[in-house]
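The whole structure should be built from the sequences, with the hints applied where relevant.
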Amino acid sequence: MSALTERPARGVADDPSRSGSQRRRRTSVAAPWMLLGPFLALFVLTFILPIIVAVGSSFVRVSRKGVFGEEGVTTEFAWFSNYAQALENGNFIASIGRMLLFGVVQVTVMIALCTLLALLLESASAKWPGFFRAVYFLPYGIPGVIATILWSFLYVPGLSPIIDIAGAMGIELDFLGAGTVLWSIANIVTWTYTGYNMMIVVAQLKAIPGEVYEAAKVDGAGPFRVAASIQLPLIRPALILTTVFSIIGTLQLFAEPQVLQTVSPAIDNEYTPNLSAYTTAFAYNDYNVAAAQAVLIAVVAFALSFIFLRLTSRRAS
Amino acid sequence: MSPMTRRQLLAWAAAGGATALLAGCSTPGTVSPNTGPTIAPAAAGERITLTYWAWLKDLQKVADVWNADHPNVQVEAVWIPGGNDGGYQKLYSALAAGGGPDLAQVEMRTLPEFLLVNGLVDLRRYGADEVASRYNETLWNQVSYVDGVYGIPQDSGPMALYYRPDLLDRVGAKAPATWDEWFQVAGAVRDADMYLDCFALDDASWFAAMATQAGASWFRVDGDRWIVDMTDDATLETARFFDRAIDDGVMTTSYSQFSPAWFAAAAKDSIASLAGASWGDALLQGVSGAEGKWRVAPLPRWGSEGYGSTFQGGSTAAVLANSAHPREALEFAVWMTTSDAGIDAMIEHSGIGWSPNDAYIGSRRQQPSEFFGGQNYNEEVFVPAAKEQNNEWQWWPLTQQTFNILADGFRAKASGGTLVDAVVQGQRDVITAFRNKGLRIEAAS
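Residue numbers (the numbering used here), protein chains in the order written: chain C, 33 to 349; chain B, 123 to 567.
I should point out that these hints are in silico values taken from the structure, not numbers from a laboratory. Some hints here could point you the wrong way.
[What the hints assert, rightly or not] Restraint-style ranges between C-beta atoms, simulated for each label pair:
#, chain 1, residue 1, chain 2, residue 2, range
1, B, 463, C, 201, 56 to 64 Å
2, B, 203, C, 108, 30 to 38 Å
3, B, 493, C, 112, 35 to 43 Å
4, B, 546, C, 103, 27 to 35 Å
5, C, 108, B, 462, 50 to 58 Å
6, C, 107, B, 427, 42 to 50 Å
[To be verified] Residues of chain C placed beyond 12 Å of chain B at every Cβ, according to the derived structure:
#, residue
7, 100
8, 156
9, 223
10, 245
11, 247
12, 339
Quick caveat, the model's predicted, so the values are computed rather than measured. Built from N, CA and C at the ideal position, the CB exists for glycine as well.
Below, the structure written as structure tokens:
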């Protein structure tokens, strides 16, 4: 990257006859690049290159001679066979299906909840909106791993007061069973991110000009009418944004199930797509298939986001 | 001279990408460390430092005992997360990057996985044969593959039955000597609103240990291919037995041994026994109010078949492929695992499992234990258990994946599946997984 910083300086030194204004223009063209340089270098090194390498290695396959490959290992270009193997893996497909189900329920609940909270906080009759905004936002400041550990104390039988109380009333609760643990995770995710998404919606609500509300008031609209006819349509962009982020975030779910795994036998090592890729790469040492899985996850996330944006923009127009 | 244009920048990025692509083309772990000439020992007087990555606590204190006597070969211990919780991931990526420590803690069952990525030095090339006689025979078998030795046994876990005499007394039972007796006691204990033990649906290693005790041997090498036999009589009998135990409700599957829920249940006196490894003794002390209540008996036997005990867990000190000083690393590993000073330090500071050296179990473990009500359980139960082992058992390069496949099948138990089905289907899936890795494998006929 040194070339980026040296060239303009040398250009100036080589040609002293240039006029001052020209020199200034040259410098001003170079300046953004100099400022961008450190970022670009790191961006290419830690973001672009890994993607290229991952895509590259997803097309490569290793075959072995001998019981451990001790008699020779060959690496060859394999076209789409790693992708085929990833797609044949029932657990991986199941994990994507599980995340779709999770997304449909959890994202819907969370977006509805964060919209409701934002509308309540921004309504005229709200008490201490600043305080409650901070309280709702607080869970976002707790890292996912810590949040999961905290919640697991409420999920584990024998430790959880909730289970004890319900048990005393004759209700058997099982937060960590095969059928329920997905929703226990959804609960943690909702708890963490509702406040964050609420902040985005609140920001958009605050951007609605006061005249619109005044006009509504003059026309005799009550708070529900204002919410339905003014606020909801005008915060659409914020809702679309938070939904897309949430869809992507759902497919990338990793920390919560991995931590909860230690207390829930129902969570397997390929419970979410990212866990599956992680296990394939680092527990099974199959970097090539894991790379294929990673590419597939990215494709699915891209496709879902694209479909959602397409659907919402069509309805708008 | 113009500043860099966008086109140039793109060209740069593309060139960089292409270089990385070329570098990335050789998938990591495809070059064997055991084909070149051996690495000579460090010159006399040269001072070297070995690094040892392990998840044993306070391992540096053990290394310091060695360091005091060996000024020229200093050992530095680095803590990593335990096994598949992140330690192996770290080791694999260090190996893939062409680096890594001289020594690493690798579980017995994981050695073949490291072999598969060419991550281990064959210690026979550095004189491991000379020390073979100091180690437990079964454990030495589990570090020997094809013609090499790929790790030095560091600790292990012969299994026994931990039990609560007071709780068994309530139903008029004693520690069961056979699994059939165990089943009857389990039923009686269940009627008194307790469990005799739990079955972990998410971890197949306990089941594998039981099958091993019954006489199973799932994998063996035949020339240049693997032979898998997970559906032999011993395994299927074991699977049927625990299917019945779970179906009859005498074993719970809602938690696994030593999980938070298990500790809570044990503290409430609703767990009457535990078929567990020798290292379980330290964990039992974490049960609140357990002092003096537990005793240890030999593991129940499978009738007249099978073996007296079986190993659960166990790790090695393995010399990794990129070590510059494999000879010295081996010397340290042998000192640590066979010398009295090494074993005692490992027990005192790191709380290792069972000593791999049959001749010395550690001075502390020769004494009666207060926690177990004055029972000298190590000498009484675990010393013989370490010798009554299934020598045929060998680990294989996809152990973790196999256990995960089995656990996936076991989980289906919650929705009407059986352990027998899980094992039968598991074998098919394992064969596919081997072939996907480019390894040859056949099912035993």
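**Prompt:** Of the numbered hints stated previously, which ones are contradicted by the structure, given in increasing order?
**Reply:** As far as the earlier hints go, 3 and 7 are violated by this structure, in ascending order.
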